[in-house]
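Visitor: What follows is each chain in one-letter form.
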Amino acid sequence: MASVFDQERAAMSVARVDLLLISQMVERGARVLDVGCGDGQLLRLLAETRDVDARGVELSQRGVNDCVAKGLFVVQGDADTDLSDYPDDSFDYVILSQTLQATRQPRRVLEQMLRIGRRAIVSFPNFGYWRIRWQLATRGRMPVTKNLSYSWYDTPNIHFCTIRDFVALTEEINAKIERAVALDSAGQPVGVSAPWWVWNVFGEQAVFVLERGR
Amino acid sequence: MSSFAAASDLRLREVDAPQSEVAHFGADQPLAMDAGVNLSPFTIAYQTYGTLNEARSNAVLICHALTGDQHVANVHPVTGKPGWWEIMVGPGKPIDTDRYFVICSNVLGGCMGTTGPASINPATGEPWGLDLPVVTIRDMVRAQAMLIDRLGIDQLFCVAGGSMGGMQVLQWAASYPERVFSAMPIAAAARHSSQNIAFHEVGRQAVMADPDWRAGRYFDHGVRPLKGLAVARMAAHITYLSDEALQRKFGRKLQNRAAPTFSFDADFQIESYLRHQGSSFVERFDANSYLYVTRAMDYFDLAEDYGSLAKAYNGTRTRFCVVSFTSDWLFPTSESRAVVHALNAGGAAVSFVEVDTDKGHDAFLLDEPDLLAATRGFLDSAARARGLMGAR
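Read top to bottom, the protein sequences are chains G and A. If you're matching positions, the first sequence starts at 6 in this note's numbering and goes up one per residue. If you're matching positions, the second sequence starts at -12 in this note's numbering and goes up one per residue.
If you're looking for bench data, these hints aren't it; they were derived computationally from the structure. Just so you know, these numbers come straight off a predicted model, no measurement behind them. Beta carbons are placed, not taken as given, at the ideal position from N, Cα and C, and that holds for glycine. Misleading hints may appear alongside valid ones.
[As the list claims (entries may be wrong)] Here are a few chain A residues that face chain G, going by a calculated C-beta distance under 7 Å: (1) 3; (2) 6; (3) 44; (4) 328; (5) 338; (6) 360; (7) 364.
[As the list claims (entries may be wrong)] Each pair of labels, with its calculated beta carbon distance range: (8) A:295 with G:83: 15 to 25 Å; (9) A:244 with G:158: 47 to 57 Å; (10) A:376 with G:183: 31 to 41 Å; (11) G:161 with A:236: 43 to 53 Å.
With the hints as constraints, model all of the structure from the sequences given.
Guide: What follows is the structure, encoded as structure tokens:
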């Protein structure tokens, strides 16, 4: 089993190191829904290394067909509209990896995730990352980085946020942060005890585990 | 003897003495039908491929469509053509007969050896005709379940089928959830739509309007309503294709002529094609059987039977793979999506593939790489979960 994990690590770009981190956050045998599962990379990782009951939702039909051909349980659907089909508490974890910024109603999506799952795991690119701030400040143009390579006019990413913005939203929807990790450009965690502003500057992406607040 | 007469003789022989395995169910095992009658005795004709393993856990039941039959992957005894799903079923194919024990039975109401209106009614020694109780999809599935019992199989590894076969798959998973490890309804729906009932009614009226139909007793008069049945088939065949595919294949091309003849001959290739579809269909199919199987589809409505579609599958442990085709307007993607929504609501393990194709409803019978890949992936993963990996 470890070998699969190692192969995945070798094959995975630093940009998707969040997937490895997420897979380690999920306990064995859990029921998991991956929203925006793409070609099923995380689902396969979860199924093969964590023995979870993994399901996926993916917007692109091509991605869905590829996943099903790999033997994964995936349906075509839209995070913004189709999560309402699932009953309350259907999953232990609902995962949204690098997709939040592409949804039309991020707040609504997060609320749905916390309704149908006991926990939500969200990873997203941090728009407060220093390189992005630097580009905007020095060039006066919308930032284009290695991991966010779209131009403003053709990007699917319509709702960027910073780590601090995200934390504010979790407070607004009364979600409890169970765990949070910021990853730097090398895919390494930014100091755990560092204050939020350090994360918000040096974290290229962040992974949050949320629970429903009381 | 003309080739048509020869084919008709073959067809008649298949009704009561088919070149298939046959399971007879006697007076001690009546079939309780939705029409409120017990059918007894009755017969099921079926084909099998591959070998049942020792644990009896590798059986795949294929359910055939409206005018299909049990000859999935062997030469057809009447038409001499290859089996109707050889692209999908066979050694090394997605439904791999080196690995799975594949069963396909002729549906109740059919005309290839399972009891249907052309079969002899043992009470009278005459063909049943319209005396046979009206058959439903659930009746077909009940009969199949009795066959599966007879074969000593508790749980099917998979039940798969397209169109009316997909309806049977959905019924199987609803009626016998614990007997279906995985299910693959393709180009199907959980109910027959109003438009589809309308098409079927046109077909039945074409059969019944043929003077040779003789109120369903044509066999008493040595005739058959061939014209009516052919028209029914022609009309239905259009619904299995798509405008785009017809345009691509036939367009406005003329048939073996340079200019229109200013007559009602089959000037256009599409006319000639449809006439051929009609005339070759009547060689192998019984007109009353066509009435019965179309009726079975019309009556199908799982949500009505269970209160809601979600209730039909509440708590099911069956693994599902639902497949639809973009250009299928007879069983459009929205119908499959309704099934998927209900399964999601019930927490079922479900995959849903919509295959991009211009080939319409008939695409489920054709070489569609996404369909074949999805089937292979779905069954491989189910086989791992069922512990069938040793077979390969």
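Visitor: State for each hint whether it applies.
Guide: Outcome of the hint check:
no.	hint	in the structure
1	3	violated (43 Å)
2	6	violated (36 Å)
3	44	violated (18 Å)
4	328	holds (5 Å)
5	338	holds (5 Å)
6	360	holds (4 Å)
7	364	holds (4 Å)
8	A:295 with G:83: 15 to 25 Å	holds (23 Å)
9	A:244 with G:158: 47 to 57 Å	holds (55 Å)
10	A:376 with G:183: 31 to 41 Å	holds (37 Å)
11	G:161 with A:236: 43 to 53 Å	violated (37 Å)
In terms of the numbered hints stated before, the structure departs from hints 1, 2, 3 and 11, listed from lowest to highest.
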